[in-house]
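*Asks:* So the chains spell out like this:
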Amino acid sequence: MKWRKLGRVFDPTQHRLPNGCVQFAQSPQALVFDEFVRVYFSTRAVDPANGKYLSHVAFVDFEKNLRDIRQVSSRGVIELGALGCFDEHGIFPLNVVRHGDRVYGYTCGWSRRVSVSVETAIGLALSRDGGVSFQRIGDGPLLAASLHEPCLVGDAFVKVIDGAWHMWYIFGTGWRRYDAQSAPDRTYKIGHATSADGVQWQKDEARQIVADVLGPDESQALPTVVTITGIHHMFFCYRPSYDFRTTKGRGYRIGHAVSHDLLNWTRDDASLALDGTPGEWDGDMQCYPHAFECDGRVLLLYNGNEFGRHGFGLAELER
Amino acid sequence: MFRWRKLGRVFDPRAVIGRPWLAEFAQAPSVLVLDDCLRVYFSCRPPPDSNGQYVSFSAYVDLDRADPTRVLRVAERPILELGGLGTFDEFGTYPVSVIRDRGTVRAYYGGWTRCESVPFNVAIGVATSSDGGRSFSRLGPGPVLSYSPDEPFVLSGPKIRRFGDLWQLWYIAGRKWKPVAGRPEPVYKIRMATSEDGLRWDKVGRDLIPSRVEEDEAQASPDVFRANGKYHMFFCYRYSSDFRGRERGYRIGYASSTNMLDWQRDDAKAGIDVADEGWDAEMVAYPHVFEVDGRVYMAYLGNQVGRHGFGLAVLEGELA
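Protein sequences appear in the order of chains R and U. The first sequence runs 9 to 327 under our numbering. The second sequence runs 524 to 843 under our numbering.
Worth flagging that the hints you see were computed from the coordinates, not collected in a lab. Each residue gets a CB set at the ideal place from its N, CA and C atoms; glycine is no exception. Treat each hint with caution, since some may be false.
Looking from chain R toward chain U, a few residues come up when the C-beta cut is under 10 Å (computed) [stated by the list, open to error]: (1) TYR61; (2) THR181; (3) ARG185; (4) ASP187; (5) ALA188; (6) ARG261; (7) LEU282.
With a straight-line Cα cutoff of 16 Å, these simulated EDC-like cross-link-like pairs (lysine to aspartate or glutamate) come out [to be verified]: (8) LYS699/U to ASP725/U; (9) LYS211/R to ASP673/U; (10) LYS60/R to GLU639/U; (11) LYS72/R to ASP109/R; (12) LYS792/U to ASP725/U; (13) LYS72/R to ASP277/R.
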């Protein structure tokens, strides 16, 4: 599997973003139209209450060449949740699926906690205007922590394959303080759920479907699945669960797994061969991949250094 | 017609010594009938921390089966430890509702976490006991009933029952956080779910009890008892603001149903109200109805939602 890197295609500091956001274009997710490609991303405003970040979803429309920009959304595509709701402090990411005349938007909602920094859950919002705006189906989440998935359910990636709805998502296995001075860190793994309608989901609860390569303290995030010549390929990002924010060599990298039946996955990072370019925007970190097809091309959007503070880039599968 | 004849307060946590985790409160009583005693589970709190914040534990007191106003013994320790770092029940296990399941006892409880924008959130957990209900261990580290699109937060007050083949869980679900005097207060309504195994739940997905005193009336403790071919629900309700006193504090309401889903609310029939003076003069709350040795009792809380314990009343007349 050989990927040709096309470089960074979106730098958030070069555009006027809604909600007063100035940096970060995280977790790009594509919705392909006949004439253009809409890429949603999460960007950040500062909460006037306390200086912490709030993640808002915006989009950029590219020409089909994925290089020239048509427009950047002038307003957010979905409001943040109400007081005390699961998505009050951010939506990151938004995964979009076209279904009939609607676009289903699966949100990962963030709300702040006291003993740990955050809890997340997966919500659903629908768009009836081609993905310009989304309205949530309710104030609460579609999928949240459950008996054997104690925290941090999020990062849904949904795809309808042969009439069945599949969701790959992450679930937290727990929080841990790795040393007395540091804030608690979480570990999460990739799971799978299925549905007949995209609304009622059955989780294959707490089954980690992708093997660790860094041991039990590996965190895996943002799965995305694309089918290439009959074989299902999953991309995701992974890192050690602690000391990963600034220490070189411990940041996110992109992992890869393959499956023939959508149930059993074989991890195979080595065949991915998508390394960061030293000194460049993705030299220290590669994260939040999103694979999609467009006019016969297989493309991979992803973020680089500092979790996407400086935007996202693109790679194309060569074949 | 029926009414409840009060037998007085039977348990005051302030009388308990040597248990720092049981300084105040004996909330949300739930009864397990044993051969020689009535084991009454309740939730209690150690003194608040330096920020004025509480954690809550659940424990039990054993009452004399022949004379339920007599305390035999108090649990030596909480029945369940608090949850781990970052889990839904890290800061409280309250309230609890118990039921026998073959040779074990199962407890459903509200697990409390602390949030930044609102004071807390609650989801429902489940634990099991194989020592007759003295100690419980979780069936999993996460909640057994959690949030959904139209039940966005504060799932609490579980009441577990098994009428017929299914398990029933009555509970409350938060509707909104209402700013009251600068502090968000949750508005919650009574809901229900059913299950074949007590673990996978199907939510009914609507409020069971219409609000009466105001739209934002808070409803809690939906305690269902079957008698004379009907289901009788005793619950408590209060105003959404200024509810920490007599005028707008908790009262016990009543509704009846023939199918557990469609309920006729008629608080005038509840048969119990605040006293003119004493431990339950400001409020009556968190009813739990149970039958033992041919008599039907209600355990309930008084002033300050059980800060100073719970009492008993005995049924006079027929639940019809």
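*Asks:* Each hint needs a verdict: does it hold in this structure or not?
*Replies:* Tested hints:
no., hint, verdict
1, TYR61, "violated (13 Å)"
2, THR181, "holds (9 Å)"
3, ARG185, "holds (7 Å)"
4, ASP187, "violated (14 Å)"
5, ALA188, "violated (13 Å)"
6, ARG261, "violated (25 Å)"
7, LEU282, "violated (32 Å)"
8, LYS699/U to ASP725/U, "violated (22 Å)"
9, LYS211/R to ASP673/U, "violated (19 Å)"
10, LYS60/R to GLU639/U, "holds (12 Å)"
11, LYS72/R to ASP109/R, "violated (22 Å)"
12, LYS792/U to ASP725/U, "violated (31 Å)"
13, LYS72/R to ASP277/R, "violated (29 Å)"
Checked against the numbered hints given earlier, the structure breaks hints 1, 4, 5, 6, 7, 8, 9, 11, 12 and 13 and satisfies all the rest.
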